[in-house]
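Residue numbers (numbering that gives the first Met the number 0), protein chains in the order written: chain A, 0 to 347; chain B, 0 to 347.
These are computed hints drawn from the structure, not numbers from a lab. Any given hint might turn out to be false.
Which copy is meant is left open, so a pair is good if it fits within one copy or across any two.
Restricting the straight-line Cα-Cα distance to at most 30 Å, the calculated cross-link-like pairs of lysine-lysine (DSSO-like) are [said to hold, decoys possible]:
| hint | residue 1 | residue 2 |
| --- | --- | --- |
| 1 | K64 | K249 |
| 2 | K166 | K64 |
| 3 | K298 | K91 |
| 4 | K299 | K250 |
| 5 | K183 | K242 |
| 6 | K166 | K250 |
| 7 | K131 | K242 |
| 8 | K36 | K146 |
| 9 | K88 | K131 |
| 10 | K166 | K242 |
| 11 | K64 | K183 |
| 12 | K119 | K88 |
| 13 | K193 | K64 |
| 14 | K245 | K266 |
| 15 | K249 | K299 |
| 16 | K250 | K298 |
| 17 | K183 | K119 |
| 18 | K245 | K267 |
| 19 | K298 | K36 |
| 20 | K267 | K298 |
Bear in mind that the values here come from a model prediction, so they are computed numbers and not experimental data.
2 protein chains.
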Amino acid sequence: MRIALDAMGGDAGPRPAIEGALLAAKLYNIHVLVVGKERHLQKYFSALNITDPRLEIVHADDVVKMTDSPTETIRRKQTSLAVATRLVKEGKADALVSAGNTGALIANTLLSWRTLPGIKKPCLAAFLPSLKAHTLLVDAGANVDCKAHQIVQFAMMGSVYARDVLKRPNPRVGLLCNGHEDNKGNEVTKEANKMLRQTHLNFEGNAEGGDIFSGDFDLIACDGFVGNVLLKTAEGCAAFVFKAIKQEAKKSIFQTFAGLLMIPTAKKLKKRTDYDEYGGAPLLGVNGIAIKAHGRSNKKAYMNALRVASECHELNLVDRLREELARLEEEIEPESPHNPPTTSLPEN
Amino acid sequence: MRIALDAMGGDAGPRPAIEGALLAAKLYNIHVLVVGKERHLQKYFSALNITDPRLEIVHADDVVKMTDSPTETIRRKQTSLAVATRLVKEGKADALVSAGNTGALIANTLLSWRTLPGIKKPCLAAFLPSLKAHTLLVDAGANVDCKAHQIVQFAMMGSVYARDVLKRPNPRVGLLCNGHEDNKGNEVTKEANKMLRQTHLNFEGNAEGGDIFSGDFDLIACDGFVGNVLLKTAEGCAAFVFKAIKQEAKKSIFQTFAGLLMIPTAKKLKKRTDYDEYGGAPLLGVNGIAIKAHGRSNKKAYMNALRVASECHELNLVDRLREELARLEEEIEPESPHNPPTTSLPEN
């Protein structure tokens with residue numbers, strides 16, 4: 000098992016990436032190809048006294064910045080992202096992990112690996128905490144302007160991931176909508192609702208924004224524009240509630256004291272909702288395994304992202320997706336012929 | 000000042016509506032036409048010993064249920080909603096307040112009052128709490144499938160409301176998007192972004208979901224599908240955080256005790272985020288003043304909804320909107336001629 004790790008992508012530089020790789024090698028026996036500027040990486044290897052033979056540096060001269068335009072990055076062949084992507088393409092690695100520019104990750108893997116048959120656009124599957132288990136959100140922001148057919152594909156790919164990787168038998172699928180009733184929705188979701196009812200997926204109907212936290216669905220499907228809005232709203236709202244509690248508590252010494260007593264609870268809750276526990280968002284629909292780790296990943300988040308990548312490979316996720324896609328194509332009517340599926344790059 | 004109050008609309012029946020009307024009459028000297036089944040309402044008037052001449056019952060034989068199809072309700076001329084709407088149309092009342100079926104409120108007012116010149120679809124303006132003042136969300140769910148031109152109109156109408164009713168000078172406008180950068184967005188929002196830059200509105204660029212809580216924008220504009228998802232996500236997330244804190248705290252007696260000490264803070268926060276303080280969501284773009292009160296309105300929420308309705312009338316909100324619409328039409332290119340603005344009913 001060899002995973003290519005774009006070590007230059009995260010906000011905090013290569014250190015947490017290398018530390019996470021070391022943990023993954025020790026705990027899960029994963030061989031990690033640590034991709035980035037060799038001299039730079041070597042410094043960290045020396046400082047951390049790394050001698051584990053399962054960690055190997057692969058040199059890449061260039062680095063993709065968070066602000067770089069995704070389409071512009073695909074022309075640069077020596078970025079750590081491009082080199083890591085190529086390692087998978089050439090069979091030298093089994094999967095890719097990056098905490099860098101999401102659009103660039105999608106653009107590079109799309110161009111190098113292409114998509115699975117029938118897939119026009121891949122999707123990002125994000126995990127959100129709920130009162131029960133986590134809920135998967137597909138697409139969490141890879142694509143805007145999706146057709147109904149594509150949202151159905153996202154639902155299918157999310158189902159395969161939930162079933163095979165997250166071990167949820169018969170995952171319950173929801174379609175993100177402005178109401179639970181079948182007659183609610185915009186033109187695209189109304190069509191997607193009808194299509195989903197034709198499939199073998201365990202479609203439980205329309206879901207509202209708040210259902211992501213109820214645990215009543217294993218996954219909720221939507222286009223990436225709405226998915227991004229949901230994700231950012233949830234992050235912003237949770238941060239708001241905590242800040243507002245602090246603001247209110249500060250108005251009385253007694254309440255401030257009570258608030259301090261609650262810190263262990265807040266910490267436990269933080270752990271429960273933290274991204275470092277689940278390790279990153281898989282990019283589903285490309286012909287290979289790519290895990291997008293959070294930009295602010297710490298070593299634990301990197302370790303978990305590498306673990307998830309290795310699990311996806313061991314479980315033959317790409318083959319499973321290919322099988323289910325073929326099945327789906329038989330179940331639902333294909334897209335209108337004047338709009339055939341093609342591989343396209345994300346616009347932003 | 001006379002406000003028509005659909006007293007049959009709320010989840011809890013006419014009692015909180017009547018109590019709220021009594022408060023509004025006493026505190027703000029508002030004359031309230033309480034619309035609903037006379038015998039039914041008279042019982043509450045007797046029970047509450049109401050003799051205030053500013054409260055007047057107007058009989059309506061029929062009631063719109065929350066589950067009724069909006070388009071079906073417009074054929075029923077004797078519902079409390081239809082009668083209240085007609086009172087405004089005929090000049091017997093200055094504004095309308097209802098806590099009932101939102102789609103039916105939109106459909107009834109649209110058909111009876113029509114829209115303001117140039118407006119195809121009205122929007123609902125919802126208030127969300129932020130770390131500073133509340134943020135206005137337009138459209139919060141009245142319309143799905145909006146064109147760029149319509150989202151710009153929502154932004155303009157929200158600006159007028161924020162400026163004149165909420166007293167925010169030069170309201171800061173955000174456009175809900177999947178990223179702050181101008182190149183982010185779907186086809187519709189990219190076009191709306193360009194249009195907004197041509198207007199006199201204080202457009203501060205794209206906003207992300209979380210920005211609704213930052214207080215950096217006075218209002219955020221979007222189509223009603225995304226607006227509904229944002230609203231429901233925020234409600235669901237806040238409820239989730241509180242429940243999860245409770246769940247965690249229950250795991251230790253000490254933490255449960257600390258949690259109990261925090262109750263006053265939680266109550267203050269609840270008050271700060273409660274809908275009963277701001278009184279309801281104005282429906283902007285119809286040719287009249289309609290305030291949608293929350294389905295779960297208590298007497299205070301009704302009182303505030305009636306106060307807001309009377310303020311909108313006193314401030315000539317409809318005239319102000321008409322003026323700004325004319326100005327907007329000069330600033331931005333009109334919609335393509337093969338798709339002229341027409342009055343249409345919401346589909347669901």
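Status of the hints after comparison with the structure:
1. Neither within a single protomer nor between protomers do K64 and K249 lie at most 30 Å apart by alpha-carbon distance, with minima of 39 Å and 44 Å respectively.
2. Taking identical chains as interchangeable, the C-alpha atoms of K166 and K64 are never at most 30 Å apart, the minima being 35 Å within one chain and 42 Å between chains.
3. Only within a single protomer do K298 and K91 lie at most 30 Å apart by alpha-carbon distance; the minimum there is 24 Å, versus 69 Å between protomers.
4. With identical chains, the CA atoms of K299 and K250 are at most 30 Å apart between copies only, with a shortest distance of 25 Å across copies and 37 Å within one.
5. When the C-alpha separation of K183 and K242 is checked against a cutoff of 30 Å, the pair qualifies only between copies, where the shortest distance is 29 Å, while the shortest distance within a copy is 35 Å.
6. Taking CA atoms no more than 30 Å apart as the test, K166 paired with K250 passes between copies only; the shortest distance there is 27 Å, against 46 Å inside one copy.
7. In the homo-oligomer, the alpha carbons of K131 and K242 lie at most 30 Å apart both inside one protomer (24 Å) and across protomers (11 Å), since each shortest distance falls under that limit.
8. Taking CA atoms no more than 30 Å apart as the test, K36 paired with K146 passes in neither setting, with 40 Å inside one copy and 47 Å between copies.
9. For a Cα distance limit of 30 Å, the shortest separation of K88 from K131 qualifies neither inside one copy, at 38 Å, nor across copies, at 50 Å.
10. When the C-alpha separation of K166 and K242 is checked against a cutoff of 30 Å, the pair qualifies only between copies, where the shortest distance is 26 Å, while the shortest distance within a copy is 35 Å.
11. In this assembly of identical chains, K64 and K183 lie within 30 Å of each other by CA distance solely across copies; the values are 17 Å between and 41 Å within a copy.
12. In this assembly of identical chains, the alpha carbons of K119 and K88 lie at most 30 Å apart only when taken from the same copy (19 Å versus 51 Å across copies).
13. Taking the shortest Cα distances, K193 and K64 sit within 30 Å of each other only across copies (27 Å), while inside one copy they are farther apart (41 Å).
14. Proximity of K245 to K266 under the C-alpha cut-off of 30 Å is found in both arrangements, the shortest distances being 14 Å within a copy and 13 Å between copies.
15. In the homo-oligomer, the alpha carbons of K249 and K299 lie at most 30 Å apart only across protomers (28 Å), although the nearest pairing inside one protomer, at 33 Å, exceeds that limit.
16. For the homomeric pair K250 and K298, the shortest alpha-carbon distance between copies (28 Å) is at most 30 Å, but the shortest distance inside one copy (37 Å) is not.
17. In this assembly of identical chains, the alpha carbons of K183 and K119 lie at most 30 Å apart whether taken from the same copy (26 Å) or from different copies (20 Å).
18. Taking the shortest alpha-carbon separations for K245 and K267, both the intra-copy value of 17 Å and the inter-copy value of 11 Å come in at or below 30 Å.
19. In the homo-oligomer, the alpha carbons of K298 and K36 lie at most 30 Å apart inside one protomer (19 Å), although the nearest pairing across protomers, at 66 Å, exceeds that limit.
20. Only within a single protomer do K267 and K298 lie at most 30 Å apart by alpha-carbon distance; the minimum there is 19 Å, versus 39 Å between protomers.
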